[in-house]
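Asker: When you get a sec, could you build the whole thing from the sequences and use the hints?
Number of protein chains: 2
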Amino acid sequence: MKVYKIPEATVMRLSVYSRFLHQLLDEGVATVSSGDIAKGVGVSSAQVRKDLAYFGEFGTRGVGYRVDELYGHLMKILGLDQTWNIVLVGAGKLGSALALYQGFAERGFHISTIIDVDPARIGTKLGNVLVEPLDVLQDRVKENNIRVGVVSVPASAAQDVTDRLVQAGIKAILNFSPRVLKVPSSVILRNVDLSVNLEVLSFNLALKR
Amino acid sequence: MKVYKIPEATVMRLSVYSRFLHQLLDEGVATVSSGDIAKGVGVSSAQVRKDLAYFGEFGTRGVGYRVDELYGHLMKILGLDQTWNIVLVGAGKLGSALALYQGFAERGFHISTIIDVDPARIGTKLGNVLVEPLDVLQDRVKENNIRVGVVSVPASAAQDVTDRLVQAGIKAILNFSPRVLKVPSSVILRNVDLSVNLEVLSFNLALKR
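In the order they appear, the protein sequences are chains R and P.
Reading the first sequence from the start, the letters are residues 1 to 209 in our numbering.
Reading the second sequence from the start, the letters are residues 1 to 209 in our numbering.
You may find that some hints are simply not true.
Each pair may be met inside one copy or between any two copies, as identical chains are not told apart.
Here are the simulated DSSO-like cross-link-like pairs (lysine-lysine), alpha carbons at most 27 Å apart as the crow flies [what the hints assert, rightly or not]: (1) K171 / K208; (2) K5 / K50; (3) K125 / K93; (4) K208 / K142.
Quick caveat, the hints were computed from the structure, so don't treat them as lab data.
Answerer: Shown next as structure tokens:
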């Protein structure tokens, strides 16, 4: 599949479309138009067509898309036609919540290894996954063929943990710590700041002042 | 301030710029160019200028922006020149993590009320905030002038909780539950699906297959 530079906003919308299509599949709907998708997820139908056009022609003019086909295509594009083993480093409050977050498993993300440095946490379980010490990281990444790491440690430990993940062969890192992290250009880094979501709300509320 | 329809991606970048400017302020930097900002946060300088242009002229050609001024402008645009009291409903694993998440307070979001229906949680504290039963919701919203609610309850309870928040006068809702929620058009709703962040990574890793 030849793919040009895709805006991240498009990727995030593809994710939303795929969830909507999954819902339609559950409801037994066979075909769907770009207008239906647009209405279902709250964007314009031109936007839906533009987003899908990045990946070639899917639909049939006047008929629309076969739901099962389009869903399959989108899941493949998103890399969700496989399960991904994930290592989570940091089993504090946020880490525990992430380890138990059901939304990950639903989309094929399996937190298979959980690492922490706190002796009080090591040896406990989150769901059915054992919390293990940092020195098993490299082995677990190899054994479980893990390419994605989630960092949910305090800011002061985040760069060290990140360096260890990179050294262990991790190719993509989701960072929940407030620290700006450095990774080699071969590693994909994504920072999650939960407060940005509240800022989108406060921005919109402030407009009404 | 007259503001036209601003893309959400722009709002999220303004948030990132403001954090970078805060860092510069801490370092005692007085002026900054759009190129400096671009480099600091990893976008093009044309993008920085375009984003800032939505809100009028800030900088001086050839000199750039005064860091303190631009920071102040951005914080005001984002509605962060005030603190926002927040009600959090759902004090489970994710709710607890959100209640204790330091990133919120740093940006002026103060979770002043925490609500849960579980008798085992009611009366306990998260940080220094008491977990209280659902029937105090309306009073707390009024007393604390709360306009923003965070929903972190199971899917089955999410719409009921949302209806109660709306009834209590909440104007913006951040939804962490996997349920698609209905709100009146006067209420701003934002859904957070944490797995979307992993999907941006799996998408990029899948490109390399």
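Asker: Please work out whether the CA atoms of K125 and K93 approach to 27 Å or closer within one copy, between two copies, in both situations, or in neither?
Answerer: both (14 Å within a copy, 14 Å between copies)
Asker: What label fits K208 with K142 when the C-alpha limit is 27 Å: within, between, both, or neither?
Answerer: Close across copies (19 Å), not inside one copy (53 Å); limit 27 Å.
Asker: Go through the copies and call it for K5 and K50: within, between, both or neither, with a Cα cutoff of 27 Å.
Answerer: both (14 Å within a copy, 20 Å between copies)
Asker: Between copies, within a copy, both or neither: which fits K171 and K208 at Cα up to 27 Å?
Answerer: between (43 Å within a copy, 11 Å between copies)
The structure agrees with every numbered hint stated previously.
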